[in-house]
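For reference, the chains in residue letters:
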Amino acid sequence: MSQSHNRGLIEDFGRWREFAPGMWAWIFHKFTGWVLIGYLFTHVAVLSTAISGPQLYTTTLRSLESLLLVRVLEVGLLAVATFHIMNGIRLLFIDLGVGLESQDKSFYASLVLTGAIAVASVPTFLSGAF
Amino acid sequence: MAERYSSFDRRGWAWFLQRLTAAFLVIVLAFHFMLLHFVNHAYEITFLGSQARMSQVGYFITMVLFLVTATFHGVNGVFNALVNQGLKGTQKKVVLGVLAIAGLGLVIQGIRLALAMTGLV
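In order, the protein sequences belong to chains A and B. Numbering follows UniProt numbering, with no gaps: position 91 of the first sequence is 91. Numbering follows UniProt numbering, with no gaps: position 78 of the second sequence is 78.
To be clear, the hints were calculated from the coordinates, so they are not data collected in a lab. One should not assume that every hint holds.
[Said to hold, decoys possible] Lysine-lysine pairs mimicking BS3-like chemistry, simulated, CA-CA at most 27 Å apart:
| # | chain 1 | residue 1 | chain 2 | residue 2 |
| --- | --- | --- | --- | --- |
| 1 | A | Lys30 | B | Lys93 |
| 2 | A | Lys105 | A | Lys30 |
| 3 | A | Lys30 | B | Lys92 |
| 4 | B | Lys88 | A | Lys30 |
Keep in mind it's a predicted model, so treat the numbers as computed, not measured.
Work out the full structure, taking the sequences as your base and the hints as a guide.
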């Protein structure tokens, strides 16, 4: 017979001091997911300038790219997307029954890889911004 | 037997589709970032460059699939997060309806702009 464990209300973020790595992975995956879907709507809105004509599209995107804030936010977006991808791969493997015992280590690996890729991308994103 | 605490729906296809779209998005999102930020640079963007890419049938189809799968994955993810937080009953149905309309609107607008980028429409 299967058994259920009363885990309490895990959505109670006031208990954050008790959270294990798997819970942090869950929170970060939710947070990065919210950011990415919010960005998708914004991205489509900005790219929609293409409907109004080539000139407006080019001018709008180049104007945005000329802002340092946008370049910094792009590094943040890459970090968010990278973590969501890395942790997503981790979750797909866990769903397949692979690596459940080392799920905390694979979470730490996702964080380290995300940090490394984000830092390595900084020169590319900030190129020509100053 | 102990009470079941999960919000998991045993009947639905959404769980499987969320993972299927995830596997596709892992590859295409990484490709999208690489192509538009590291191979080509966003600050050098021009309509003509976007048009050249979007006019290739394979690229166009990939981007439309990217849009559809990302929208489903994102909107379904938001819905799942809200259900996790305890959304149920009429509120759940209303939220599902609003998210479905928002998602459909996003896909339609995305396809419109992709067609505009080809320069054919």
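Against the structure, the hints come out as follows:
1. A:Lys30 to B:Lys93: 21 Å, holds
2. A:Lys105 to A:Lys30: With Cα atoms ~19 Å apart, Lys105 (chain A) and Lys30 (chain A) stay inside 27 Å; holds.
3. A:Lys30 to B:Lys92: 19 Å, holds
4. B:Lys88 to A:Lys30: Within the cut-off at roughly 19 Å; holds.
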